[in-house]
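Peer 1: Each chain, written out:
Number of protein chains: 2
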Amino acid sequence: MVRRNDQRRAALVDAAIEVLAREGARGMTFRAVDTEAGVPVGTASNYFASRDDLFTQAGARVYERLRPDEATVARHRTAARDRETYVELMRELVGRVSSFRTGYLALLELRLEATRRPALRKVLTERVRADVDANIAHHEESGLPGDAMAVKLLILALNWLIVEQLTLPDVFTEAERERLVTAAVERIVTAEDTP
Amino acid sequence: MVRRNDQRRAALVDAAIEVLAREGARGMTFRAVDTEAGVPVGTASNYFASRDDLFTQAGARVYERLRPDEATVARHRTAARDRETYVELMRELVGRVSSFRTGYLALLELRLEATRRPALRKVLTERVRADVDANIAHHEESGLPGDAMAVKLLILALNWLIVEQLTLPDVFTEAERERLVTAAVERIVTAEDTP
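Chains as they are written, first to last, in our numbering: chain A, 1 to 195; chain B, 1 to 195.
Because the hints were derived from the structure by calculation, they are not lab data.
Even for Gly, the Cβ is constructed at its ideal location relative to N, Cα and C.
Each hint should be verified, as a subset may be incorrect.
[Said to hold, decoys possible] Straight line, CA to CA, 20 Å or less: simulated SDA-like cross-link-like pairs of lysine to any residue:
id: 1; chain 1: B; residue 1: Lys122; chain 2: A; residue 2: Glu174
id: 2; chain 1: B; residue 1: Lys122; chain 2: B; residue 2: Asp170
id: 3; chain 1: A; residue 1: Lys122; chain 2: B; residue 2: Gln165
id: 4; chain 1: B; residue 1: Lys122; chain 2: B; residue 2: Arg22
id: 5; chain 1: B; residue 1: Lys122; chain 2: A; residue 2: Tyr63
id: 6; chain 1: A; residue 1: Lys122; chain 2: A; residue 2: Tyr63
id: 7; chain 1: B; residue 1: Lys122; chain 2: A; residue 2: Val171
id: 8; chain 1: A; residue 1: Lys122; chain 2: B; residue 2: Asp170
id: 9; chain 1: B; residue 1: Lys122; chain 2: A; residue 2: Arg77
id: 10; chain 1: B; residue 1: Lys122; chain 2: B; residue 2: Ala60
id: 11; chain 1: A; residue 1: Lys122; chain 2: B; residue 2: Arg22
id: 12; chain 1: B; residue 1: Lys122; chain 2: A; residue 2: Lys122
[Said to hold, decoys possible] Label pairs and their in silico Cβ distance ranges:
id: 13; chain 1: B; residue 1: Glu176; chain 2: A; residue 2: Arg116; range: 18 to 28 Å
id: 14; chain 1: A; residue 1: Arg101; chain 2: B; residue 2: Arg101; range: 24 to 34 Å
id: 15; chain 1: B; residue 1: Arg96; chain 2: A; residue 2: Tyr63; range: 29 to 39 Å
id: 16; chain 1: A; residue 1: Arg31; chain 2: B; residue 2: Glu126; range: 16 to 26 Å
id: 17; chain 1: A; residue 1: Arg65; chain 2: B; residue 2: Ala71; range: 44 to 54 Å
id: 18; chain 1: B; residue 1: Arg116; chain 2: A; residue 2: Ala79; range: 32 to 42 Å
id: 19; chain 1: A; residue 1: Glu92; chain 2: B; residue 2: Arg26; range: 53 to 63 Å
id: 20; chain 1: B; residue 1: Arg9; chain 2: A; residue 2: Ala79; range: 55 to 65 Å
id: 21; chain 1: B; residue 1: Asn135; chain 2: A; residue 2: Pro40; range: 51 to 61 Å
[What the hints assert, rightly or not] Some chain A residues near chain B, calculated using beta-carbon distances under 7 Å:
id: 22; residue: Val94
id: 23; residue: Val181
id: 24; residue: Thr182
id: 25; residue: Ala184
id: 26; residue: Arg187
Generate the whole structure from the sequences, applying the supplied hints.
Peer 2: As structure tokens, this is what we get:
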């Protein structure tokens, strides 16, 4: 019974992500989530204490679904530790994040909603900071060139590149976006920092 | 009479920016804008053909209000053409944009709304691309070091830094944000491109 409840809960959280992306934070009501998940009205309100609770769980779930799969992780483990690999990794990252379009748009909606909800802001702040720190730690273990500052600068540049692609996809062409990813790594990951 | 109408229109557009930032795109109704502007209900609907029209004008107005003032432009004109000046300019830019908090948040709301409104997406795409091109042209005239790629990479990195500051201000400390601006210029504006 517990497992079935867990599956139902996960399906509701996934439905909340779709509603957030499509209707915005204001449109993410329990009723809209029930409809999206195809469950009886009243179901979501049995699973989540409040909209804040559902916002928080939707945010956490996007991060969970954005993790690379086993095959990707294994491929990275055997690649050379140079800037070419770094470029490949960042291309793969941008592709992975932007292909979960509704998840990334839902995160942007949550960020804007966080300006109105202190509880959500607190949880998202901890989540995003933990993600920055995990990226830095992961980089240090990886043996790839560059320092923590490069990791943070790449997070900045690539996030906005993804915002641009998902909200106004014709501002940059696809070729321009590819050149931007390559140039970002080549300039930000400076040769002096190469171990 | 024309002038008075222009002032009234500008006041309504400014009110729309505040409503967008506070309530989100869904909350930006003609009625909410009338209330925010302190004018009789029905006024906004006399000035704007549709919500799309008001969204578009609000976006254009944010860009207009983000322009540097005369004193800032004059100060830039006399500064040395080196990377230190570039860092100062980018600090000033980040400070100027993030201090118009509601304007920047309104632009983010408009970007998300553009995923749902093709007409808004078209207008915003043209506006944002024109802004990128204007930044590149302005840089080329300025005699500052660096190339067009550097201008675009700085636009990416600094936009997300502003998103971070305005939506989740505790992810980075103020000192960390300052170091990020400095490092972004120092790494992205490469020495080889210095004219």
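Peer 1: Please name the hints from earlier in the document that this structure breaks, with their numbers sorted from lowest to highest.
Peer 2: 2, 4, 5, 9, 12, 16, 19, 22, 23 and 24
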